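Enquirer: Model the full assembly from the supplied sequences, consistent with the hints where possible.
Quick mapping for you: the protein sequence lines, in order, are chains L and D. Basically this note's numbering = 1-based index in the first sequence + 1180. Basically this note's numbering = 1-based index in the second sequence + 44.
One or more of the hints may lead you astray.
As the list claims (entries may be wrong) - If you want a taste of the chain D side facing chain L, the calculated C-beta under 7 Å gives, among others:
id: 1; residue: V118
id: 2; residue: R128
id: 3; residue: F157
To be verified - Pair ranges (Cβ atoms, derived):
id: 4; chain 1: D; residue 1: N253; chain 2: L; residue 2: G1208; range: 37 to 43 Å
id: 5; chain 1: L; residue 1: L1275; chain 2: D; residue 2: R104; range: 40 to 46 Å
id: 6; chain 1: D; residue 1: P249; chain 2: L; residue 2: D1948; range: 40 to 46 Å
id: 7; chain 1: L; residue 1: A1202; chain 2: D; residue 2: H85; range: 19 to 25 Å
id: 8; chain 1: D; residue 1: R104; chain 2: L; residue 2: T1327; range: 30 to 36 Å
id: 9; chain 1: D; residue 1: Q92; chain 2: L; residue 2: A1190; range: 36 to 42 Å
To be verified - One side only, chain D facing chain L, incomplete, derived with CB under 8 Å:
id: 10; residue: Q115
id: 11; residue: R152
id: 12; residue: T153
id: 13; residue: G155
id: 14; residue: N176
No lab work stands behind these hints: they were computed from the structure. Treat the numbers as computed from the prediction; the structure is a model and nothing was measured. Here a beta-carbon is modelled for each residue, glycine too, at the ideal position from N, C-alpha and C.
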Amino acid sequence: MKIRSQQRGAALVVTLAIIILAVVLVVGLTMAMRMERSASFYNLERVRAEALARIGVDYGKALLMETMTNNRFWVSSPGRLRASAAGTFDAPTNLVTLSSGFTTSTNANDGVNLNRLSLTAGDRTLDPGGSDFSFRWVYVNKDGTYTNVPSTNTLGRFAFWMDDESTRVDLNTADQRTSTLPAAYPSQISLGALPGLSGIANDIALAAQTNAFITPYDALGRDSSWTNGLFSNRFFLTHYTQDADLNPWNERRRILTTRLTNAPQGRGYFDILSATNGNPGLLSALNTNQLANHYRISYNLFTRNDWPYAKGSGFQAKFGIPGVQQMALDVIEYLRAADSANTFPEPLVAQLVGTNMTVMSVGTGINIIPTNNIAIGTTRRPMISQVGMYCSTNTNALGFVETLHGQLYLPPSYNAGTGPFNWQLWAEIASSSGGGSVVTNAALPSITFNGTGFADFMVTNVTIPATLPAPIPTNSMVRLAILKTAGANVENILDVAPLVPGQRISLPTTTNTTAYAWVNDPRLNKVTNNWMALPNLPGDVAPPVYSPNYSAFAGTPASDGSTNSLYFPVPGSGVQSIGDLGYLATGVGSTTNAPWRSLRLQANSSTATNIPPDWALLDLFYAPVPIRFLPGINVTAGRVNLNALITDGTNASRANVLNALFTNAVSDATLPTVLSNVMNVRLVASGNYGQATNGTNFVSAGQLAEVPELGDQGEAGEAILRKVVSLATVRGNVFSVYSVGQAIQFVNGRVVVNGEKSVRVIVERAFDNSGTPFFRILLWNEISP
Amino acid sequence: MFSMRASVVRTGERAFTILELLVSAVIFVIMLALLGSVIMHFNTAWRQGDAQKERRQNARVIFDTISRDLQGAVPTLPGTGANRVPFQVQQTNNSDALLWGTSLPANRTRGDFATVGYFVDSQNRLYRCQTNAAESDLDTLTASAGGSNFTGLLAENVVSLTATAVARDGSTNTIFTTNLPVTVDLTLLLADWRTLKQKPNLTVPDPSNPPVGVQVFRTRVEFPAAP
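Expert: In structure tokens, the structure reads:
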């Protein structure tokens, strides 16, 4: 019995040991399983949160793809787009919210604050100076549907907001405003205007030129002395912007240059040179087919009648068809004059019929010009402004002896230098009684010009034929031309007045009297009717001082009574700003005389809502910018979006960015007003082109001409516009999507957050080789690790 | 009573016969052999399962880490001539080393730009290197220490890591100075610790036919910021 009892006890011990071992194993296994399961679960939830954040990015990207298409007009701003209806280029009245929806609710289940406090130093993640910036959650259900509230069917939620990077200062391009760089150069935007950066802006700009910043906060790590300044300004800074650089119909703008080197990445430009490195100032260097092509493109754009800002008509309603034709020609002439190192580019002489331009060969003589519809390009050249004829009582075998007087005008602001220049005068003189027969068309003695504005010339012993006996002919008929050098090759014509063969300036012929005629605006001297008689002067006297009447044209648009519209850039310096188009003389070739009229980039340019304002022309072209360091697949980086107002109910403001654009271009006294007006899209009463409602958005950078304290300041305001308009845009191509995704469970009426992912993703609207836009993710930055 | 009587009877019995012992011993041995075999099989299966789990966990961690770094790869910015940190695949006989510039969560003093690199050393250890400076050479990246640089062990028992970077035109390159590749195909040969303990100098001449204890993992990473 005793032995058996011991055996039973051993069994019990063994059994207990086995059970304990088994329990330990099971408990251990269970714990391990629980840990594994928990780790796997939260890993899965992390992945799920990442996917949810990605939904926010994709959602935002889809909004861009939906609205920023090529078949509608749109403008962008932080958190919102405005677009016209698909298939139209109307005013952009449709509001597209580029977020999951702003909310003021403080309920964590309604929205998420994207500008939350970070763990270090109380900084905020988005805008260090801003307040809470909350956006609504979008709940994602297991069946793929979205709802506004959580339920047991919910597996996660996301919220996002999209920032327009073009409403920030581009660290890779900004520097400071200087007078030595073209106004279109993006470094004219002052990095030092941002708070605390004035002392380090130049160093940062220099570093960017050496090695471009390639992430949003790349610059922070470059130099420890930059850290605080850049960190506190990070809401105003970016490393990458691109202007869409489209005209109102979403076609790529042409760059105002004849140089391929100024049009990188296959961008459109005025490729009118036969050889890439040709001299655009020489007619022989030009490709006539391309000239005609670019003329046609410009003409067709100028005469479009579906401008988003004002539908109904084109520029022909203002300037007439001949005026528009001359403008299309003069755009070419302006950039030829800008790109050529020649002091006096050879003006184009062309026949303009509708959209067709036939460049005339003038190589065999002035008189070969065969027909009407002839235009001569407005370029940097002297112009014939006055002509006079003295008729003595003497006669010779041919008839009465006359003296030819004249005056040339070369505005100092044409930047031709001070001379002296030597030109040859070509004169064609006939008499009314002589039936218009030519008495001389030979080159006459040279004229020296001293560059002071105008020069007199006098040619004596000119005779008219005495084909009819006395009395003296009623009129002398004169046609003049200026040649750069003497010779039969008249490709070097500088001016012809009148332009059309057979038309001549009529001067009353009276013995012992000098009869003068003058033209108010020498750019209009090609038309006989623009020559007006001055009172006859007794004796053989020099021309009176040329005194143009700038206010001769009183209607709008008109110049302000100064020579501001008379301008050409220094030879070879290139087009400085898109605002240079304001120098285009729109009175040339007009059906009515319109001396001194040029494009008016000022307020109240037109009160007609069906005619495009003058500043609309700025949306068709772009000024050339050297590609020194500009990132991206095109060179439109650095421009600042005027639609910088953040309308999502936060106190976040981009006024500092606009300050960087306008500082040193606007006087300190008016700068605050200008910034306020621009920030709030405050326009003059009639400047409300293409707006859904006033005060919502700019539809064109040119609309700065309608901003009080800019556009209403006359030529002074236009001068400011030339400094800033090339640096401004209303259509950004790069957006940052700030997206937060949370994997959640809805348990017992409560939301349990199992995982979160927060990202900043930069999306760019780029172009493929065929010019078709596509959207690519440029940078994927995880805000939370 | 019965039990007492039986007990008395049993205690009074003689010992087992040799035959009985032999038979029982044989049966015991057979059972032991069977049990041993079962245990061996269980052990082998458990080891294989454990090794596979180890390899898969390692593969997941490695691919997850590399993929996240690749996701933030920053593209070229024309005008500087070339990437500050070209995407590079430095090919070696055994493994490829990788290096590129990426964007990481921003640090107040170091910014968000970083150079990251991956390489496998001779001890079958995969390292991840990172610096907030621009380094275009892996040796420089790994040699520098301190500051913002670090080189950390990511995984052990890595037989090899190879990468094939494909450009937009379909060509494969080992250095991308002007644009990021479109995709990178990563091939990872992972062993478990027991295998490498037994064969410390293990090489796999034919990755398509790996030996026992070595597993091939492949993944393709697409670059969101590809041109």
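Enquirer: Which of the stated hints cannot be reconciled with the structure, identified by number in ascending sequence?
Expert: Hint check: nothing fails, all pass.
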